[in-house]
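Peer 1: Residues per chain are reported as follows:
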Amino acid sequence: MKRAPIYGTMAEFDSPTALVAAAHRTHEAGYQKVDAYSPFPIEGLAEAVGFHKNRVPLVTLIGGLIGGLSGYLLQYWVSTSSYPVNVGGKPYHSWPAFIIVTFEMTILFAGISAVFGMLALNGLPMPYHPVFNVPRFAFATKDRFFLIVFASDPKYSPAETRRFLESLGGRAISEVPD
Amino acid sequence: MDERIEHAEGARAPVIEPGYTFGTVTDKISSIVLTRPMSNGWFLGFGVAFLLTMMMLYAMAYLFVKGVGIWGVTIPIGWGFAIINFVWWIGIGHAGTLISAILLLLRQSWRNSINRFAEAMTLFAVSAAGIFPLIHVGRPWLAYWLFPYPNSMGVWPQFRSPLIWDVFAVSTYATISLLFWFVGLIPDLATLRDRSTNRGAKIIYGILAMGWRGSARHWDRYETAYLLLAGLATPLVLSVHTVVSFDFAVGIVPGWHTTIFPPYFVAGAIYSGFAMVLMLAIPIRKLYGLEDFITELHLQNAAKVMLATGLIVGYGYVIEAFMGWYSGNRYDAFTLWNRLHGPYRWEYYALLMCNIVIPQVLWIRKLRSRPIALFFVSLVVLVGMWLERFIIVVVSLHRDFLTSSWGMYYPTRWDWMTYIGTIGMFLAAMFLFVRLLPMISIFEMRTLLPEAEVKE
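If you read the sequences in order, they're chains R and C.
Sequential numbering of the first sequence, starting at 1, is according to my numbering.
Sequential numbering of the second sequence, starting at 1, is according to my numbering.
Derived by calculation from the structure, the hints in this document are not laboratory data.
One or more of the hints may lead you astray.
[Said to hold, decoys possible] No farther apart than 30 angstroms at their CA atoms in a straight line, the calculated lysine-lysine pairs in the BS3-like style are these:
(1) K366(C) with K142(R)
(2) K53(R) with K202(C)
(3) K142(R) with K66(C)
(4) K53(R) with K142(R)
(5) K33(R) with K53(R)
(6) K304(C) with K142(R)
(7) K142(R) with K455(C)
[What the hints assert, rightly or not] Derived Cβ-Cβ restraints for the label pairs, each shown as a range:
(8) P177(R) with N151(C): 52 to 62 angstroms
(9) K53(R) with F376(C): 50 to 60 angstroms
(10) Y149(C) with P154(R): 21 to 31 angstroms
(11) I204(C) with P154(R): 38 to 48 angstroms
(12) T80(R) with Y62(C): 42 to 52 angstroms
(13) G342(C) with L65(R): 46 to 56 angstroms
Idealized CB from N, CA, C, for every residue including glycine.
Chain R on its own, in the form it takes in the complex (with noise of 0.2 angstroms):
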């Protein structure tokens, strides 16, 4: 398959307030891949762009049950059959003695996964990225907000969807080149 010369293209808005309103009439006007750039989050953002499958909890829950059941399961191992010691009489399996390294092995891979699990579904690290072709996204980090229709959309068109988010109040619109 030939890639598109183009990667979308991007507007850009003042407020935060521009920009979530701009996010849901390019929805709601039928577009699908959108995606929206803001120098902070911005609440009810990622619905408006039509982003809704967040797995970062589920994959901090598989984290943490590893983490748990795996430092329960190496504690009594270790404790009842690979190096047993018999400290006053105390059974080998002394359960309440494991909970706190069972609690903690739990936060430490919860933890780990949160923000991998965070990193690896954001596709980061990502050295190159087509939008940091455009000279004014240096902006998105600051005080800058931008919208993009990607052209992988079915319904993009390079002069169609230009026209649309002018009228939106986008300004500086450009095309992003791949």
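Position chain C against the provided structure of chain R, taking the given hints into account.
Peer 2: For chain C alone, coordinates are given in the frame of chain R:
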């Protein structure tokens, strides 16, 4: 969203002074890292801290050559400065996690201006703390034996021992604190990447930012991960000092074997941690002109947290004394008597002055808004909390059940050099941090501005 405005207007002092925009907040914080020239004061401060770090390394090298005999530890006081300083540093670290995690869950928006450097403080304090148990084990090159790993000796750590709990608690705490801090930094590193004009800086910040571009999908997962991390760090931070207190409370030594230890240790940790936050925040906001972001509100609130946790610590002392009498246990009663009348009584009186009496001045609102006064009260609290650990470790051990095994503890110059050296290392790391990374979270400050609100 309205709540944010209410916060800003309802409080006596604002979280952030009015008149800022996304752009000016960004410029103000990032310029400290990117364009501000190096001052002589910074070089002087860093130089002194660096020399102290070298002193610590010298003391440690000598320790490795000679062994722990160069320290003041002897039987019956086998736990001297190493444990005192370990507990002191770990405790200081707790405020950073409290600010970044617990206050986030409680939606305290004032935390946004101080969480970044408080988290950095946590990391450096935990690093300083970690040094002590490692060099105290006698043969530090075998310290990895603390971790459970399959080995040819066929032995495993003893999981019923509080010391192994400590290994897990502290290493988990260090890892989660590092992750929390780094995740919070990612969007700001992207800001520095885009703002910096120096090619080398652009490359380094670019690598660290990992290609962050602020996509709505990314922010959504990011915020979820950050919130989950806060939810995980909250019980973690409470567990860490609880586990540290188990090192004592699980033992049968009079003065250690009490159930009040876990909550009282946690409160004491937060107490000393907020004192350190204030001692760092007060000069930093002045020197770097950040009074608009770290306002009087922050100082007031930090002082109130100190006052509250200080009272919990005071309650701990009262209960310890009460149980010494009420338990009817003659050894506990003797420990109390020995604190008040024994050879370390002056340290105990100083502890009561520093931790209980002097901090009561924080009830005065006028004083809470005086940075210099707060700075000195914080210093007193830090000294007091160090003395508290000294009393717990040394006074309990030096006279236990048998009079034949009583003794005294005298720290040597190597003890002091190592301790003061870790303070130098901590400060050196802070000096580097304020010049290399944004010390206030830029993206979280943007969310505090009125223009960040999405109007329907």
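Peer 1: Look at each hint and say if it fits the structure.
Peer 2: Do the hints match the structure? See the list:
Annotation: proposed proximity of K366(C) to K142(R) is violated, straight-line Cα distance about 38 angstroms (limit 30 angstroms). Pair hint K53(R) plus K202(C) does not hold up; C-alpha atoms about 33 angstroms apart against a cutoff of 30 angstroms. Pair hint K142(R) plus K66(C) does not hold up; C-alpha atoms about 55 angstroms apart against a cutoff of 30 angstroms. About 27 angstroms separates the Cα atoms of K53(R) and K142(R), which keeps this hinted pair within 30 angstroms; it holds.
Restraint check for K33(R) and K53(R): the C-alpha separation of about 15 angstroms stays at or below 30 angstroms, so the hint holds. For the hint pairing K304(C) with K142(R), the CA-to-CA distance comes to about 34 angstroms; that exceeds 30 angstroms, so the pair is violated. Proximity of K142(R) to K455(C) is assessed by CA-CA distance (about 20 angstroms); at most 30 angstroms being required, the pair is judged to hold. Range check, P177(R) to N151(C): Cβ separation about 56 angstroms, and the 52 to 62 angstroms hint holds.
In this structure, K53(R) and F376(C) meet the distance hint of 50 to 60 angstroms, their C-beta atoms being roughly 54 angstroms apart. Distance hint check: the CB atoms of Y149(C) and P154(R) are about 54 angstroms apart, inconsistent with the given range 21 to 31 angstroms. Between I204(C) and P154(R) the C-beta distance comes to about 41 angstroms, which sits within the given range of 38 to 48 angstroms. The hinted window of 42 to 52 angstroms between T80(R) and Y62(C) holds, with their beta carbons roughly 44 angstroms apart.
A C-beta distance of roughly 51 angstroms is found between G342(C) and L65(R), which places it inside the suggested range of 46 to 56 angstroms.
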